[in-house]
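Spelled out, the chains give:
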Amino acid sequence: DTEVTQTPKHLVMGMTNKKSLKCEQHMGHRAMYWYKQKAKKPPELMFVYSYEKLSINESVPSRFSPECPNSSLLNLHLHALQPEDSALYLCASSFFPTRDKRGYTFGSGTRLTVV
Amino acid sequence: KQEVTQIPAALSVPEGENLVLNCSFTDSAIYNLQWFRQDPGKGLTSLLLIQSSQREQTSGRLNASLDKSSGRSTLYIAASQPGDSATYLCAVRPRRVNAGGTSYGKLTFGQGTILTVHP
Numbered sequence: 001d002t003e004v005t006q007t008p009k010h011l012v013m014g015m016t017n018k019k020s021l022k023c024e025q026h027m028g029h030r031a032m033y034w035y036k037q038k039a040k041k042p043p044e045l046m047f048v049y050s051y052e053k054l055s056i057n058e059s060v061p062s063r064f065s066p067e068c069p070n071s072s073l074l075n076l077h078l079h080a081l082q083p084e085d086s087a088l089y090l091c092a093s094s095f096f097p098t099r100d101k102r103g104y105t106f107g108s109g110t111r112l113t114v115v
Numbered sequence: 001k002q003e004v005t006q007i008p009a010a011l012s013v014p015e016g017e018n019l020v021l022n023c024s025f026t027d028s029a030i031y032n033l034q035w036f037r038q039d040p041g042k043g044l045t046s047l048l049l050i051q052s053s054q055r056e057q058t059s060g061r062l063n064a065s066l067d068k069s070s071g072r073s074t075l076y077i078a079a080s081q082p083g084d085s086a087t088y089l090c091a092v093r094p095r096r097v098n099a100g101g102t103s104y105g106k107l108t109f110g111q112g113t114i115l116t117v118h119p
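Chains A and B, in that order, give the protein sequences. Under the working numbering, the residue at position 89 of the first sequence is numbered 89, and the numbers go up by one with no gaps. Under the working numbering, the residue at position 46 of the second sequence is numbered 46, and the numbers go up by one with no gaps.
Just so you know, the hints here were simulated from the structure itself, not pulled from any lab data.
Far from chain B by the CB rule (all over 12 angstroms, computed), these chain A residues:
hint	residue
1	Lys22
2	Gly28
3	Ser65
4	Pro69
5	Val114
Straight-line alpha carbon distances no greater than 25 angstroms define the calculated DMTMM-like cross-link-like pairs of lysine to aspartate or glutamate that follow:
hint	chain 1	residue 1	chain 2	residue 2
6	A	Lys40	B	Asp84
7	A	Lys101	B	Glu3
8	A	Lys38	B	Asp39
Quick look at which bits of chain B chain A covers, simulated, 3 or more residues with Cβ under 8 angstroms:
hint	segment
9	22-34
10	44-58
Just so it is clear, CB atoms sit at the ideal spot from N, CA and C, and this is done for glycine as well.
Work out the full structure: start from the sequences and follow the hints.
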């Protein structure tokens, strides 16, 4: 298995809803990431998990809450989002967060629309 | 702070042309550089990964080169096809980790080159 699987592919939610994005990989990677991508922009890092522990939070608002239940699974819990949070949310993984000669693997993303 | 620039921002070519996409970065202390392809509304697909000690990597019609000392990488696409139409992103992985760990695992992306290959 050489893939990062993200579900759902599309999500529409209201500003008072609570929803979760899911990311799964079975490549034995020990670092997992959440990126946010707005239209016509490059991906921006949100969170880094290393060995199931949160190692980087790029000053992301608390309405985004990451969780890493085990080494293969990464969730992003969403609550009270704003319309400007609408974007493509990408999950990625790599063997290690630093000193890793191997590259990153990205999922196909979740297209989130906040109404 | 690492900055990555891609030129051109957009490129439109007829099918069959050989083309070059450029990526430059300001801090040569990189661990590796990765080229990705992104189709509209989709995730990133890794094309080529070049380690800091390597000069080039090849996969099929794609060839990526790296000149770390001058802070440049190029992606060469031979005999372009309409199916090559996509956004191409380069991303660098830092060698140094700041004392506060702020570059820990952080890829720095360029703004991308939008490629259109027309029949």
